[in-house]
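Protein sequences, first through last, are from chains A and B. To convert, take the position in the first sequence, counting from 1, and add 169; that gives the numbering used here. To convert, take the position in the second sequence, counting from 1, and add 35; that gives the numbering used here.
Take these hints with a grain of salt, some might be off.
[Claimed, not checked] Chain A stretches covered by chain B per the calculated footprint, using a threshold of three residues with CB under 8 Å from any CB of chain B:
#1 184–194
#2 232–241
#3 254–261
[Stated by the list, open to error] Calculated from the model, a selection of chain B residues having no Cβ within reach of chain A, i.e. all distances over 12 Å:
#4 P46
#5 A50
#6 A89
#7 L168
#8 P169
#9 V177
#10 V200
#11 L211
#12 V216
#13 Y246
In short, the hints are calculated from the structure, not lab data. Given the structure is predicted, the values throughout are model-derived calculations rather than measurements. Glycine included, every Cβ here is placed at the ideal spot set by N, Cα and C.
Each chain is listed here by its residues.
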Amino acid sequence: MTTSAAPTPTRRVSTKVFVIVMIAFAAITAGIVSFYASGSPDGLEHVAGTQGFLDSATEHRFADWPLADYAVAGIDNARLSGGLAGLVGCAAVLLLAMGIGRMLRRPAQAETTQS
Amino acid sequence: MHVPDGFLDAPTSVATGAIAVGALAYAMKRARHEQPDDRTAPLAGLVATFIFAAQMVNFPVGAGTSGHLLGGALAAVLVGPATAAMCVSVVLVVQALLFADGGVTALGTNITLMAVVGVGAGWLAFLAARAVLPKRLPSVPVAAAFGAFVSVPVASLAFVGLYAVGGQAPIPLDTLTAAMVGWHSLIGIGEAVITGLVVSAVIALRPDLVYGARDVVATTPLEIREGAVL
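Next up, chain B with everything else stripped away, as it sits in the complex:
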């Protein structure tokens, strides 16, 4: 969903740039609380790296169209929403500046769509699913998959909203909405599958590192074992 330069007019791009800067400044403050110790700290870098790698692998969704992981919900569940917004932004910055993927003046737009809306929608949908599902560890990947599925069409809807404000070409908004949400719901299925699998894998290896599973994992206090046989 990388928006190139030229789709949106300059005022809209400036506005999304301001939204991106504001959101990231807030995320930086919040992120400190999401990664309170050095134990979970390396995960953020790894999550960003994984999202970058996964975004190189477009999967076909039919009719000569493809999609790739956005990673907002995945990152939010693994490292917390504020840290996730920063992880996805790092990926978008590297893609735009190093690989000419996603416009430079559109960087604020892409951060707004994928790092702010994508992460936010994914996290909220994850929380909603967690509230409904049993409070057990196996619920976490399922809720993450649901959050991932929701995040993609919501981000595409946000693009339509921006296009309505600052689109450079006059396009009927109802057909644009139907096309964007339709295709991105299909891509959302792929997003859900990848997110569910990756969250499951991380939980299998290190459940203690998963931000979205803290309430079902972190109940274990440090145990003092006396007389341990060495």
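Just chain A, with the same shape it has in the complex:
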């Protein structure tokens, strides 16, 4: 007996391929496309400027860090520096998120607090 075709959409790609596509897309976005991002102040910064409270912002505690403002310290080429920072950030986010996910799926160890 063969059941009729399901009315729901099919999985076009395997999970492995899907993961690779998503990672590649994120890497291209952060590593290459980010160079073409608008450098204008964002909505909040713009409003803070026009409303006159932008000056109340204090210097970021980590403003001197080697990756501050999405640039790798010591690399002068903006395209390379920003792209590399983007890739490092993607890796950091992926590892951290996967780590938390793994922890959550192990009930015995799930009580570790995460801030």
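The hints should help you fit chain B onto chain A, whose structure is shown.
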């Protein structure tokens, strides 16, 4: 919408820090139910990574102002609201600690605005749109786009609320509200476009992984096919 240190006073920052910790503790409990098996599990990490990448790409919204994806609605539709709050928080933590983007004492504020309010408003607006739209798969990206559009001005309104309580500089709240909601409604259009496109793309590839589409996809039971020709 990354709030830097100094915009809000210390008590307000402590309060939003407490809200963030409480919300994330609750989200951690809930997230377990949103990702019941290993099949959907990798999606959360991928969604967080994508949001980080997308947030690097500011798009212009006119008059020398830009915006970028907040990603709350997008994440909520793809992995569920509790998991989404954690995904967006991971992004905010990495941005604040590694890239000096968004203040450190303002981290609780940013998590509250983008991971709690942004995700919550986006998810609720998504559910409202789903309730109105036909119960079919193509409705999901449309509802996601609507949720995304709503989430940005609502998050900006939440910022105004926090500023009313703990703003360091005296600013008339009516003009602040108009400016914040006005600009963030424009940014919301970009948020809606990106969210709609990404949800459409994921649905085209793997509809079974989309949390917000479970009711229109998950009706397929495992089929037992006998006598399959190999």
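So, going through the hints one by one against the coordinates:
1. Beta-carbon proximity to chain B at under 8 Å applies to 7 residues in the stretch 184–194 of chain A; the threshold of 3 is reached and the given coverage holds.
2. Here's how the stretch 232–241 of chain A fares: 6 of its residues keep a CB closer than 8 Å to some CB of chain B, so the rule of at least three is met and the hint holds.
3. Restraint check on the stretch 254–261 of chain A versus chain B: 6 residues with Cβ-Cβ distances below 8 Å, three needed, restraint holds.
4. At roughly 15 Å, the least C-beta separation between P46 (chain B) and chain A is larger than 12 Å, which holds for a residue marked as non-interface.
5. Here A50 (chain B) stays apart from chain A, with its beta-carbon at least about 16 Å from theirs, past the 12 Å limit.
6. Non-interface call for A89 (chain B) relative to chain A: violated, since the shortest CB-CB distance, roughly 6 Å, does not exceed 12 Å.
7. Under the 12 Å C-beta cut-off, the non-interface status given to L168 (chain B) relative to chain A holds; the minimum distance is some 17 Å.
8. Distance check on P169 (chain B): its Cβ is at least 15 Å (rounded) from any Cβ of chain A, clearing the 12 Å threshold; non-interface status holds.
9. Residue-level check passed: V177 (chain B) sits 16 Å from the nearest beta carbon of chain A, beyond 12 Å.
10. With a least CB separation of 14 Å from chain A, V200 (chain B) remains clear of the 12 Å interface cut-off, as annotated.
11. With a least beta-carbon separation of about 6 Å from chain A, L211 (chain B) fails to lie farther than 12 Å from that chain, contradicting its non-interface assignment.
12. Taking the minimum C-beta to C-beta distance to chain A, about 10 Å, the non-interface status of V216 (chain B) is violated against the 12 Å cut.
13. Every C-beta of chain A lies more than 12 Å from that of Y246 (chain B), the closest at about 14 Å, which supports listing it as non-interface.
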